[in-house]
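K.L.:
So you can see what is in the structure, the chains are spelled out below.
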Amino acid sequence: MNNDEIRANLLKRSRASRNERFGKLISGACITIIIAVVVSIFYFVASKGLATFFEDKVNLWKFLTGTIWNPSAKDAQGNPQVGALPMIVGSFSVTFLAAIIATPFAIGAAVFMTEISPRLGKKVLQPVIELLVGIPSVVYGFIGLSVVVPFVRHTFGGSGFGILSGTFVLFVMILPTVTSMTVDALKSVPRAYREASLALGATRWQTIYKVVLRASTSGIITAVVFGMSRAFGEALAVQMVIGNAMLLPQNLISPASTLTSVLTMGMGNSVMGSLSNNALWSLALLLLIMPLIFNILIRWIGKKGAMR
Amino acid sequence: MTPRKWDKIATFVLYMISIFIIFVLAFLLLYILISGLPNVSWHFITSKSSSFQAGGGIGVQLFNSVYLLVLAMIISVPLSLGAGIWLSEYAPKNWITSLIRNAIEILSSLPSVVVGLFGFLVFSINMKFGFSILSGALALTVFNLPLLTRKVEDSLQAIHYTQREAGYALGLSRWETVIHVVVPAALPGIITGMILGMGRIFGEAAALIYTAGQSSPSLDFSNWNPLYIASPLNPMRSAETLAVHIWKINSEGIIPDATQVSAASSAVLVLFVLLLNFLARYVGNRLYARLTGVKERN
Amino acid sequence: MKKKWILFLGLIPFVFLLSSCGLKQSGQSITAVGSSALQPLVEAAGDRYTEDHAGEFINVQGGGSGTGLSQIQAGSVEIGNSDLYAEQKSGIDPTGLVDHKVAVVGVTPVVNKDIPIKNLSTDELAQIFSGDITNWKQLGGPDQKIVVINRAQGSGTRDTFERWVMKGRSTVQAQEQDSTGMVRQIVASTPGAISYMAFPYVDDTIKTIKVDNVAPKDKNVKTNKWKIWSYEHMYTNGKPTGLTARFMDYILSDKIQDEIVASMGYIPVKDMKVSRNLAGKVETIK
Numbered sequence: 001m002n003n004d005e006i007r008a009n010l011l012k013r014s015r016a017s018r019n020e021r022f023g024k025l026i027s028g029a030c031i032t033i034i035i036a037v038v039v040s041i042f043y044f045v046a047s048k049g050l051a052t053f054f055e056d057k058v059n060l061w062k063f064l065t066g067t068i069w070n071p072s073a074k075d076a077q078g079n080p081q082v083g084a085l086p087m088i089v090g091s092f093s094v095t096f097l098a099a100i101i102a103t104p105f106a107i108g109a110a111v112f113m114t115e116i117s118p119r120l121g122k123k124v125l126q127p128v129i130e131l132l133v134g135i136p137s138v139v140y141g142f143i144g145l146s147v148v149v150p151f152v153r154h155t156f157g158g159s160g161f162g163i164l165s166g167t168f169v170l171f172v173m174i175l176p177t178v179t180s181m182t183v184d185a186l187k188s189v190p191r192a193y194r195e196a197s198l199a200l201g202a203t204r205w206q207t208i209y210k211v212v213l214r215a216s217t218s219g220i221i222t223a224v225v226f227g228m229s230r231a232f233g234e235a236l237a238v239q240m241v242i243g244n245a246m247l248l249p250q251n252l253i254s255p256a257s258t259l260t261s262v263l264t265m266g267m268g269n270s271v272m273g274s275l276s277n278n279a280l281w282s283l284a285l286l287l288l289i290m291p292l293i294f295n296i297l298i299r300w301i302g303k304k305g306a307m308r
Numbered sequence: 001m002t003p004r005k006w007d008k009i010a011t012f013v014l015y016m017i018s019i020f021i022i023f024v025l026a027f028l029l030l031y032i033l034i035s036g037l038p039n040v041s042w043h044f045i046t047s048k049s050s051s052f053q054a055g056g057g058i059g060v061q062l063f064n065s066v067y068l069l070v071l072a073m074i075i076s077v078p079l080s081l082g083a084g085i086w087l088s089e090y091a092p093k094n095w096i097t098s099l100i101r102n103a104i105e106i107l108s109s110l111p112s113v114v115v116g117l118f119g120f121l122v123f124s125i126n127m128k129f130g131f132s133i134l135s136g137a138l139a140l141t142v143f144n145l146p147l148l149t150r151k152v153e154d155s156l157q158a159i160h161y162t163q164r165e166a167g168y169a170l171g172l173s174r175w176e177t178v179i180h181v182v183v184p185a186a187l188p189g190i191i192t193g194m195i196l197g198m199g200r201i202f203g204e205a206a207a208l209i210y211t212a213g214q215s216s217p218s219l220d221f222s223n224w225n226p227l228y229i230a231s232p233l234n235p236m237r238s239a240e241t242l243a244v245h246i247w248k249i250n251s252e253g254i255i256p257d258a259t260q261v262s263a264a265s266s267a268v269l270v271l272f273v274l275l276l277n278f279l280a281r282y283v284g285n286r287l288y289a290r291l292t293g294v295k296e297r298n
Numbered sequence: 001m002k003k004k005w006i007l008f009l010g011l012i013p014f015v016f017l018l019s020s021c022g023l024k025q026s027g028q029s030i031t032a033v034g035s036s037a038l039q040p041l042v043e044a045a046g047d048r049y050t051e052d053h054a055g056e057f058i059n060v061q062g063g064g065s066g067t068g069l070s071q072i073q074a075g076s077v078e079i080g081n082s083d084l085y086a087e088q089k090s091g092i093d094p095t096g097l098v099d100h101k102v103a104v105v106g107v108t109p110v111v112n113k114d115i116p117i118k119n120l121s122t123d124e125l126a127q128i129f130s131g132d133i134t135n136w137k138q139l140g141g142p143d144q145k146i147v148v149i150n151r152a153q154g155s156g157t158r159d160t161f162e163r164w165v166m167k168g169r170s171t172v173q174a175q176e177q178d179s180t181g182m183v184r185q186i187v188a189s190t191p192g193a194i195s196y197m198a199f200p201y202v203d204d205t206i207k208t209i210k211v212d213n214v215a216p217k218d219k220n221v222k223t224n225k226w227k228i229w230s231y232e233h234m235y236t237n238g239k240p241t242g243l244t245a246r247f248m249d250y251i252l253s254d255k256i257q258d259e260i261v262a263s264m265g266y267i268p269v270k271d272m273k274v275s276r277n278l279a280g281k282v283e284t285i286k
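Taken in order, these protein sequences are the chains called A, B and C. In case it helps, the working numbering puts the first sequence at residues 1 to 308. In case it helps, the working numbering puts the second sequence at residues 1 to 298. In case it helps, the working numbering puts the third sequence at residues 1 to 286.
With the rest of the complex left out, here is chain A (with noise of 0.2 Å):
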């Protein structure tokens, strides 16, 4: 072999770094695909979204602050009804009640997953709560309208639809997501960390508790905030039970509405391009702007709080 062959053949690029770009290019391609897509709905919702304010004019603050909504019709000074607030306040109430119960339930079924007893976890829990997601909302919706609703009507008066009717079919519905992010966030803690704290002779318990959930805090976190989103942006099954009036909430049981079931319900009532059908998309912009920055507010949260 000659000196200029071994050179050629050094400077060719070998077989493991053709195959490394090939493999690079193509996962390239798929996730600049989903950029495409990701991008594209963007502009698509925001430009329809922000139609309401440059084209219709329509004041910021007072879509936000504003409390009554009746696009159709104008009021006194002639300015459109577009006062979002309701539908805001009750998208939250129901996403925080939702969260608040169902993360202590979330957690305790992971812990129980990974720390207890993996072997049940595996084989009954895990199941239970892959099927749980398989649910269609339709169906918990009308679970909820038939079961949900009368129960709240008995126990706590009223006509059965409001907000704590949502809160209780979101929280069935967003546990199966939060439960199977912990315990992917608890399964990602090392062995040597439980180890370590078992042979300082710690209960198991006091080794989940100061050590396990510890470590996993961030993971718990976005798991949280994951099924925040998800319960923030579910649309029939809330909006079967809620009631869907546009007001204010004055209690837990009391109709109210939501930016989605406002946003589901109008759509197809309403005319392309119209004021109606912008602000409908001014609540889609919203719907997608909140979750970003009630991330961002809690991944603050997280780096504040975690153990170091």
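Using 25 Å as the maximum straight-line C-alpha spacing, the simulated SDA-like pairs for lysine to any residue come out as follows:
#1 C:Lys-227 with C:Thr-171
#2 A:Lys-122 with B:Gln-163
#3 A:Lys-210 with B:Thr-2
#4 A:Lys-210 with B:Ala-158
#5 A:Lys-57 with A:Ser-274
#6 C:Lys-239 with C:Arg-48
#7 A:Lys-12 with B:Gly-171
#8 A:Lys-123 with A:Ile-220
#9 A:Lys-24 with B:Leu-99
#10 B:Lys-5 with A:Arg-194
#11 C:Lys-225 with C:Ala-279
#12 A:Lys-62 with C:Gly-91
#13 B:Lys-93 with A:Ile-26
#14 C:Lys-225 with C:Lys-273
#15 A:Lys-12 with B:Leu-170
#16 C:Lys-207 with A:His-154
#17 A:Lys-62 with C:Ser-90
#18 A:Lys-24 with B:Ile-179
#19 A:Lys-24 with B:Lys-93
#20 B:Lys-128 with C:Thr-50
Derived by calculation from the structure, the hints in this document are not laboratory data.
Chains B and C: place on chain A using the hints.
P.N.:
The following block gives chains B and C in isolation, referenced to the frame of chain A:
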């Protein structure tokens, strides 16, 4: 209170929580099945639905659901796998990556009605696919991609770096390591993600109302040429899925037996998701054993 | 080996996309989109049409009157179904749209079965829905809070009800539902509930109410004694041609009007003794 006692109490509480969750599911399942199954018959599952008389079935809807599910998964699984691999293995650690991650996360919480309208305007109208299975499958892909991608990334991340180092040490490129070592090891997690995604697709209604449509042409089950308009396989025909059917008969349906049909459809839907679960789990275990040589996954 | 496998999987969607762009369908089809209330009727007629005319398909989709009117205006579908006159919908330019009235439907107030009241005047009804009357006691009923259930804004049924009952009064902010099925279910299960719905949806889980001593019956609608009714419209962009024209003729034929329209609880247009125009002017048909 001694730590030992606390330990006992905590264990008890955790057991209770787990039992509670199982109880909730059992209740939901029993409720759906008990109210639905008495109305399910072979005739119901196989016959055509009726628009205003009693006694319609869900045969076409069931077929549509499965077909749409298959198409949507064919499109979204490779995409999400590739994207997940990129995010987990190739992504530079900078603000752009975290921006992408955040954007994907936000997208996954987008209400499905918005995805549906997006699909309607983009796929059905701009790309001229009309109300068709193809538009529906693409909309479902948009709806499902973020969650699948995230799940793939998480599963890959959970694989210990020593496995990767072992791959590199054997002289494999990064890509080969990912394909031959990391992905097989992460398969159980990925499969779980896919199952969850399939369940979501199967039960999704709002994203399909404006894309795949709310009715099907009268299908001709003897003609399997995908180019014929009434062929079951034609991807350009409109298709009403089971979940959309449930939604439709409950909202504006005027068939007299709407309650029974919707309860029975829900039962069939849930049974199907159950079946999908077991099937995917079985296949996942087999695949895992095949690819890694490990008998039991943990 | 595995590489090829993954490459193959990755290619499927693209191949699929490309091939389906080039797909040319055999057979002929038109699409009708819009009002979800009208959908079952058009769907049934479409099915029957395909049975009679092999190879011609009517693709019927819901999505709401708003969607139907915007899409027919944009020209992306052949027929737009609507519960309202195109002129009544803000954001729609009615010029160029051709209206085909295919059926008439009455709207009746309905209440929970526990409410013993049988008759209300139009004015009392308006007061209930504007929030001036809040207890059944005020109308001679039991001491029970009135739970008003409204339809979503822009819904055809709500529009009809507001036009002929509220007559310009604004409705109280109350529960809103976007489908008749939900309204029926809620009225049936909520004590003290009142709402309204189209005749075909009324069943024995709820109770209808006479208005001004007129019973909600088809025969009263035909003579305009029962005033709360509306036409169901199918709009085409310009004069219909080809399959669209044939289908419009078909749906307006006596056979379909008698067999399908009537048996679904709608009133065939040809049976009407009066006609009513956009402005609400009633004329007797000779």
